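Peer 1: Based on the sequences and whatever the hints tell you, model everything.
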Amino acid sequence: MEKENPKAWRNDAYAKVTGRARYTDDIKFPFMLHAVPVYSDFVHAEILNIDTSEALKSKGVVKVLTSKDVPGVNRFGQIIKDFRIFAEDRIFYNGDVVALVVADTRANAIKASELVKLEAKELPSILDPEDALKPDSALIHPEQGSNIINEHKVRRGNTDEGFKKCDIILEEKFETQFIEHSYMEPEVAVCNPRHDGVMEVYASMQHPFSTRRFVNALLGGRLADIEVISTPMGGGFGGKDDTVSIVAARTALAAKLTGKPVKCSYAREWSIRESYKRHPYKVYYKMGLTKDGIIKSVKCKIIADGGAYCSVTPWVTWRSTVQCCGPYQVENVHCDTYGVYTNNVVTGAMRGFGSPQMNFVVESLMDIAARKCGLTPVEIRRRNMVRQGSITITGQKLDNHKVAMEETMDAILNKFDYENKYKKCSFGKSDSEELYGAGFAISYRGMSLGAEGTDFNSAIINVQPDGSILLETGIHENGQGSESAMCLILARDLGVSLDRIRYRRPSTSTIPDGGTTVASRGTVMGGGAVTNAAKELKHKIANFLNAKCGCNIEDIDISNDIVTCGKEKYNFEEVIKMMYNAQEYPHVFGVFKAPKVSWNEENGQGDAYFSWTYSCQAIELTVNKKTGKVKLLNAIAAHDVGRAANEQMTKGQFFGGMAMGIGYGLLEEVKTDKGIILNTNFNSYRLPRTTDLPEMSAIIIENSDPNSPSGAKGIGEPTNELMAPVIANAIYNETGKRFFKLPIKVSTKVQEDLKICE
Amino acid sequence: MTINKKPVEVPDSMKERKLVEFLREELDLTGVKNACEMKSCGACAVLVNNKSIRICNSVLKDVENCDVLTIEGMENEDGTLHPLQKAFIDYGAIQCGFCTPGMVLTAHAFLMENPKPTREQIRKALQSNLCRCTGYQQIIDAVEAASEFYRK
Ligand code: FES
Ligand code: FES
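Protein sequence lines correspond, in order, to chains A and B.
Going by the working numbering, the residue at position 390 of the first sequence is 390; the numbering climbs one at a time, nothing skipped.
Going by the working numbering, the residue at position 144 of the second sequence is 144; the numbering climbs one at a time, nothing skipped.
Derived by calculation from the structure, the hints in this document are not laboratory data.
Please read all numbers here as calculations on a predicted model, not as lab measurements.
Be a bit skeptical, because a hint or two may be false.
[As the list claims (entries may be wrong)] The calculated DSS-like cross-link candidates involving lysine-lysine, where the alpha carbons are at most 27 Å apart (straight line), are: (1) B:152 to A:7; (2) A:671 to B:39; (3) A:28 to A:111; (4) A:625 to B:124; (5) B:18 to A:28; (6) A:111 to B:152; (7) A:415 to A:402; (8) B:18 to A:631; (9) A:111 to B:116; (10) A:59 to B:15; (11) A:111 to B:86; (12) B:116 to A:631; (13) A:7 to B:61; (14) A:286 to A:301; (15) B:124 to A:111; (16) A:626 to A:282; (17) A:7 to B:116; (18) B:152 to A:631; (19) A:7 to B:124; (20) B:18 to A:745; (21) A:626 to A:737.
[Unchecked claim] Distance ranges between label pairs, derived from CB positions: (22) A:81 to B:77: 51 to 59 Å; (23) A:583 to B:77: 44 to 52 Å; (24) B:14 to A:54: 28 to 36 Å; (25) B:14 to A:574: 38 to 46 Å; (26) A:626 to B:57: 52 to 60 Å; (27) B:14 to A:71: 40 to 48 Å; (28) A:465 to B:115: 31 to 39 Å; (29) B:57 to A:509: 38 to 46 Å; (30) A:691 to B:27: 31 to 39 Å; (31) B:27 to A:587: 38 to 46 Å; (32) A:397 to B:115: 53 to 61 Å.
Every residue, glycine too, gets a C-beta built ideally from N, C-alpha and C.
Peer 2: Spelled out as structure tokens, the structure:
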């Protein structure tokens, strides 16, 4: 253990470690009712009738809501408005909600939910996106005119000409699985119809403004009449947007129609059944290289299973498209990407957002290519990777920040001693019981949303007469510690002590919409706004002192709670008091707008992201020859974080991301049978446990990013996007067997596999 | 029975009541969480006679005459944090915090029995507690660091 580490700092740690933190399910109001969703047995069906009469008679039931009760719009979504908040015309997947039972207790609501009767005509379900793509396939959403949700492409150079110059051509198909975010806290919402006519919403949500949009759609009326309040939340990982917003919308409707506070608290089974997952991908990939290992040409087709509704599939697959060649320079690229409707569970945002799938493909292929070319995995990457001034496959010149790809990779190679470990790898042969392997992979990642969406954020600093400071930003705390990061950035940039600062619990009624907490943008965008607001406040203080004492604005400085003004020194409090006395508010509003990005849908070219982050991870492991059991020995990650607000917290992001990546690579899979999810709880959905995981270590690389006011780069997602290919490469180096499908299952097939390579 | 060292009388009519519900609804001890309700995650773990028990399937009758400790009872008498809680904060073992009460209590029970554990033993002891945020690394760091206190 590295005991010399500085301590972690979190504004919410005390509340959480003492059990005082109030999560949404811990909130209660007098006379609160309870709501429970009703599902159907169908996967795809036409609804004929929903009969709620029996349920209504059941004990304690106050109301049973269906699509007929919706005053606003029942169809909504962030991109395409195809979500049915209540099933209305059809059942599109097994997680569609037919009705919401509202009763005096949750138990009574559950009992009554079994009495809602659905009459429906079963329709053939389409479960393979490749079937959905066939020209004669039935349409899942006929009003969309196609089963294709979206297409993206990259066109660069001429791939046919490129392949002609190649000595080695690789062609492989890769497949990845559905996975569940598995936030420990299931979906929950509490809605309170306030006496002033405002609907107050608490929910386990990732983005209060997104939740407000869903609630507003279903209820109708004005945004200003809904107040969504930030509440401590038990994990999100991208998964607490659409689904929980829909849960909140239904709950708000129940509160509106009954005039009572209503809670809807999901059981794990409902959560896994209804909530969106990470997209399974099928990727057909052709890569051509010269014999000295230079990638000349790439042609690929990416098919993403979008499930029953669009959600954010177009954005997720856009990132996959932009990053479809990994952190490598390739002259000729032809990529076609399709997001496709099926009758499977909905898929949407999940930590990584379209990169874990593509990194698995590209980084596996790089190791395959290295062997074909007689190079080491390190050497082939060195020959192709992006460097300062490189042009990406979408034509973006990387010159506005430090391109730290090689620096990051070398950091791992040195600390992990990769070259020596690589020499020790068994490649399927060993005299002992165990085979040994080590592997690594690298990636780069466009920062924040990129050309996916509008990207700006704000922060309010409100200094109180006693010198204490209220801070709030448009970024929502998902459990990752963003509030704490904001406080740390403010203390650093304003030159004041941390104990002065209280993060004000924001609501949608107190600060402007700051965009969703996705794409690892919290620290970059929120931190950027804080840095800018701090600058503005300093400016305000300086102007005030300049007018008052006549000292030069440039000579005014704040550090360690002391304001220096020429030769004068004041305590921070004193200056604030002076300002209040002079009728000057030490109150500022700071904004950070992401720098311009560009994108041309026609040819898939443009400056896709305003900056990039660089990552490398490695692992060593053994496989028992007889049992096939994989044992992870130790794992390591290096990421260029720009500037870390708190070292321990940054490391926490590394370890959490790596663990989730290990789950993705080796353990996790949402299993379905004819569109119905089989493993709806943690007894059958296999999450990484303490005993599955290796000791992990972290190398924080700091190249302060000039495009980000606080210097920080987003780090939540890069940490989660590499472990699958790292493990695939390590297992190859160990067993000599290449896996093209996730999760990698060595255990069941190992003996037969080992025969192949002997 | 006692809950957090205070005696609690349970009328016969309540003996079949779910323990989690009783703690959360009647006593407002909301540190005990529901996350799977089938003994697979440890979010509902409390100490019953100093053993960590996942109580999602338990009813009040099951803990008759027992001493129950929830996270709300972990602090020292004077309201300061227990060294194990302090270590969780300092080592960055808390992210979303949803697993934290169960983790802290399970680690507490374990350290009372084994105050000089190896990291491997800590991993084994926390095997039933899921955490999706931290990758467990810093949780194990915290437990290892706090173990010193239990040796005294
Ligand atoms: S809620 Fe009891 S173990 Fe998960
Ligand atoms: S800290 Fe979030 S589940 Fe453990």
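Peer 1: Hint by hint, note whether the structure agrees.
Peer 2: Hint check:
no.	hint	in the structure
1	B:152 to A:7	24 Å, holds
2	A:671 to B:39	21 Å, holds
3	A:28 to A:111	22 Å, holds
4	A:625 to B:124	24 Å, holds
5	B:18 to A:28	18 Å, holds
6	A:111 to B:152	52 Å, violated
7	A:415 to A:402	22 Å, holds
8	B:18 to A:631	39 Å, violated
9	A:111 to B:116	49 Å, violated
10	A:59 to B:15	23 Å, holds
11	A:111 to B:86	43 Å, violated
12	B:116 to A:631	25 Å, holds
13	A:7 to B:61	43 Å, violated
14	A:286 to A:301	9 Å, holds
15	B:124 to A:111	39 Å, violated
16	A:626 to A:282	32 Å, violated
17	A:7 to B:116	23 Å, holds
18	B:152 to A:631	35 Å, violated
19	A:7 to B:124	26 Å, holds
20	B:18 to A:745	40 Å, violated
21	A:626 to A:737	16 Å, holds
22	A:81 to B:77: 51 to 59 Å	57 Å, holds
23	A:583 to B:77: 44 to 52 Å	49 Å, holds
24	B:14 to A:54: 28 to 36 Å	31 Å, holds
25	B:14 to A:574: 38 to 46 Å	59 Å, violated
26	A:626 to B:57: 52 to 60 Å	37 Å, violated
27	B:14 to A:71: 40 to 48 Å	41 Å, holds
28	A:465 to B:115: 31 to 39 Å	50 Å, violated
29	B:57 to A:509: 38 to 46 Å	41 Å, holds
30	A:691 to B:27: 31 to 39 Å	33 Å, holds
31	B:27 to A:587: 38 to 46 Å	42 Å, holds
32	A:397 to B:115: 53 to 61 Å	59 Å, holds
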